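**Q** Here is how the chains run, residue by residue.
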Amino acid sequence: MFKFFEPNKIFSITSKAPKYVLVLFIIILTIGLTEALILSPQDYKQSHSVRIMYVHVPAAWISLGIFSTITFLSVVGYIFKIQNFFLISKSLAPSGLVFNIVALVTGSIWGKPTWGTWWAWDARITSMLILVLFYILYLVAWRIYENNDKASKITTIITILGIINVPIIKYSVDWWNTLHQPASINILSKSSIHISMLFPLLIMTAAFALFSLLIFLMKYNTELIKIKNKGLDRL
Amino acid sequence: MNNETLLMDGYGLYVWSAFAFTLLSFVTLYVFTKAQYVKEKNKFIIKFGSLNPQRAALAKSQSINKEILSNTSSI
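One line per chain: the protein sequences are A and B, in this order.
Throughout the first sequence, residue numbering follows my numbering, covering 1 to 235 in sequence.
Throughout the second sequence, residue numbering follows my numbering, covering 1 to 75 in sequence.
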């Protein structure tokens, strides 16, 4: 089954896909921005500042999703010795880091009109900051270790340690008294967000997911060409 | 675009700066990733060009190498 994941087999797809993903991303982002900035209503409490949610929340969701995926692929890749899983993880990490930073910065901008402060050391914000550090550690580890086996081992350990932080981020608003509001969207129970706000939020999430796919594909292709460059050196 | 859309009852600066930061981050990451891709691809093309015909034929027998050479404007 894992033969399907061989880089040689999927390069023909990954090398052609970015241009289509880029076009789709631009279309979805344009719709999302129009909805988020113009068509969606203002909040009765937060007024127009609620619009920051349309970039803050998708960025946070995707950064958490990417870190969880990286951890899963690293652990499975390490157990079953699938090098391509590490290549996929390594290619996902840059967009995960950028989304994490976007979530923190836009959260900080949102915090000023809502809480009256740019930053608070509360559980949700601090745990998101810790996730940035894990992303940086992960990417630095790939740069430091020349030996692929050692890098795979170290990065897997980093992701296992980092994943402990993910449920803390998720449940921090329930476990502790924080400035950050609890989740408005629940998959298992009724969401407290109105459909007029949920729709642009989902569109923006789709746009952000497409952007992370685009960056992943470009980065993955770059990594494959790097490997092939080393192969040409050995010929 | 009217003033209401820009000013947003005094929240405009916060909202627009949050969106601008996000889009700027996207553009930076895209440009940086694309530059890395182009750099590695050019390196590959130069290395491939410097191979003797026998080795070039051997390298070209791998489908992935052919794909890299054929997709010069894939992104």
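Honestly, the hints are just simulated from the structure, not real lab data.
A quick note: this is a predicted structure, and the numbers were derived from the prediction, not measured.
Yeah, the Cβ is synthetic: ideal placement off N, Cα and C, and Gly gets one too.
Accuracy of the hints is not assured; some may be wrong.
Below, in silico cross-link-like pairs of lysine to any residue (SDA-like), each with a Cα-Cα straight-line distance of 25 Å or less [as the list claims (entries may be wrong)]:
no.: 1; chain 1: B; residue 1: Lys34; chain 2: B; residue 2: Phe19
no.: 2; chain 1: A; residue 1: Lys112; chain 2: B; residue 2: Lys34
no.: 3; chain 1: A; residue 1: Lys190; chain 2: A; residue 2: Val166
no.: 4; chain 1: B; residue 1: Lys39; chain 2: A; residue 2: Lys190
A few chain A residues that face chain B, going by a derived Cβ cut-off under 10 Å, partial list only [what the hints assert, rightly or not]:
no.: 5; residue: Leu33
no.: 6; residue: Tyr44
no.: 7; residue: His48
no.: 8; residue: Val50
no.: 9; residue: Ile52
no.: 10; residue: Thr205
**Q** Evaluate each hint against the coordinates.
**A** Status of the hints after comparison with the structure:
1. B:Lys34 x B:Phe19: 22 Å, holds
2. A:Lys112 x B:Lys34: Given pair Lys112 of chain A, Lys34 of chain B is violated - Cα atoms ~35 Å apart, limit 25 Å.
3. A:Lys190 x A:Val166: The given pair, whose Cα atoms are some 23 Å apart, holds under the 25 Å limit.
4. B:Lys39 x A:Lys190: 49 Å, violated
5. Leu33: Holds: closest Cβ of chain B sits about 7 Å from Leu33 of chain A, inside 10 Å.
6. Tyr44: 13 Å, violated
7. His48: 4 Å, holds
8. Val50: Because about 9 Å separates Val50 of chain A from the closest Cβ in chain B, which is inside the 10 Å limit, the hint holds.
9. Ile52: Cβ of Ile52 of chain A sits 4 Å from chain B, so the hint holds.
10. Thr205: 13 Å, violated
Checked against the numbered hints above, the structure violates hints 2, 4, 6 and 10; every other hint is satisfied.
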